[in-house]
Amino acid sequence: GAVVSQHPSWVICKSGTSVKIECRSLDFQATTMFWYRQFPKQSLMLMATSNEGSKATYEQGVEKDKFLINHASLTLSTLTVTSAHPEDSSFYICSARSGTFYEQYFGPGTRLTVT
Amino acid sequence: QQPVQSPQAVILREGEDAVINCSSSKALYSVHWYRQKHGEAPVFLMILLKGGEQKGHEKISASFNEKKQQSSLYLTASQLSYSGTYFCGTGATNENNRLAFGKGNQVVVIP
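From first to last, the protein sequence lines are chains A and B. The first sequence begins at 189 in my numbering and counts up by one. The second sequence begins at -12 in my numbering and counts up by one.
Read the hints as simulated data drawn from the structure, not as lab findings. Each hint should be verified, as a subset may be incorrect.
DMTMM-like mimics (lysine to aspartate or glutamate), calculated; alpha carbons at most 20 Å apart, straight line [claimed, not checked]:
1) LYS13(B) / GLU247(A)
2) LYS202(A) / ASP276(A)
3) LYS252(A) / GLU210(A)
4) LYS46(B) / ASP4(B)
5) LYS37(B) / GLU251(A)
6) LYS90(B) / GLU247(A)
7) LYS42(B) / GLU291(A)
8) LYS252(A) / ASP276(A)
9) LYS229(A) / GLU291(A)
10) LYS229(A) / GLU27(B)
11) LYS24(B) / GLU1(B)
12) LYS46(B) / GLU1(B)
13) LYS90(B) / GLU27(B)
14) LYS229(A) / ASP276(A)
15) LYS55(B) / GLU40(B)
Computed footprint of chain A on chain B; a stretch qualifies when at least three of its residues, placed anywhere within it, have a C-beta under 8 Å from a C-beta of chain A [claimed, not checked]:
16) 20 to 29
17) 56 to 66
No experiment lies behind these values; they were computed from the predicted model shown. Glycine is no exception: its CB is placed at the ideal position from the N, C-alpha and C atoms.
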């Protein structure tokens, strides 16, 4: 149980375009989803926390208008990187938890490369 | 605030034991341990909650000393599959479970 999927697994896009990443909880209802960013050989940096039906809470230094997060249902959250630039290239990972357990389960991640 | 993990790296032979640590300067409600292999997402290992929990799964166990604001992960009779980077995520409250992750402990198990 507690499976989280992400789509796509990887994406290459041109500078200036927007990219949408989906995060789904497959076998539980995710009341809270988290979006992280990870650079090679570095830690997981929390970008934002989203609760179903509410606006996302962004961490300090994360641009809300650049990283649009939508958590429209209890099984789906999306992260849209708008007007992507090469410095946005990274590994983006989502995690999800339900209201009945504390642990977070991670999706497999999406590797974004902006050329 | 990011917890501090130590040691940064550990190399051990199959069958040996190791301890890796996670310390925080803030009062903690929970400590979460994950293992990540190269190019993959972190895999949940276990969570310890305020109250001085200890837990184990097979040959991996962990303790949480809330007074010292630290947790330790014990790898016993290590297996090759234990190789990876271990991250601890610390939660300050029981709401939302927003976690701060340390920089990780790299564990390499050799035959």
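We went through each hint and held it up to the structure:
1. LYS13(B) / GLU247(A): holds, 18 Å
2. LYS202(A) / ASP276(A): holds, 11 Å
3. LYS252(A) / GLU210(A): holds, 17 Å
4. LYS46(B) / ASP4(B): holds, 10 Å
5. LYS37(B) / GLU251(A): violated, 33 Å
6. LYS90(B) / GLU247(A): holds, 18 Å
7. LYS42(B) / GLU291(A): Since the Cα atoms of LYS42(B) and GLU291(A) sit roughly 14 Å apart, the hinted pair holds (cutoff 20 Å).
8. LYS252(A) / ASP276(A): The given pair, whose Cα atoms are some 14 Å apart, holds under the 20 Å limit.
9. LYS229(A) / GLU291(A): It is violated: about 23 Å lies between the C-alpha atoms, which goes past 20 Å.
10. LYS229(A) / GLU27(B): Judged against 20 Å, a Cα distance of about 12 Å means the pair holds.
11. LYS24(B) / GLU1(B): holds, 17 Å
12. LYS46(B) / GLU1(B): Roughly 13 Å separates the two Cα atoms, so the pair holds.
13. LYS90(B) / GLU27(B): At roughly 16 Å apart (the allowed maximum being 20 Å), GLU27(B) and LYS90(B) satisfy the hint.
14. LYS229(A) / ASP276(A): OK: LYS229(A) and ASP276(A) at ~16 Å, within 20 Å.
15. LYS55(B) / GLU40(B): This hinted pair holds, its Cα atoms lying about 13 Å apart.
16. 20 to 29: holds (count 4)
17. 56 to 66: Answer violated; 0 residues pass the 8 Å Cβ test.
Checked against the numbered hints given earlier, this structure breaks hints 5, 9, 17; the rest are met.
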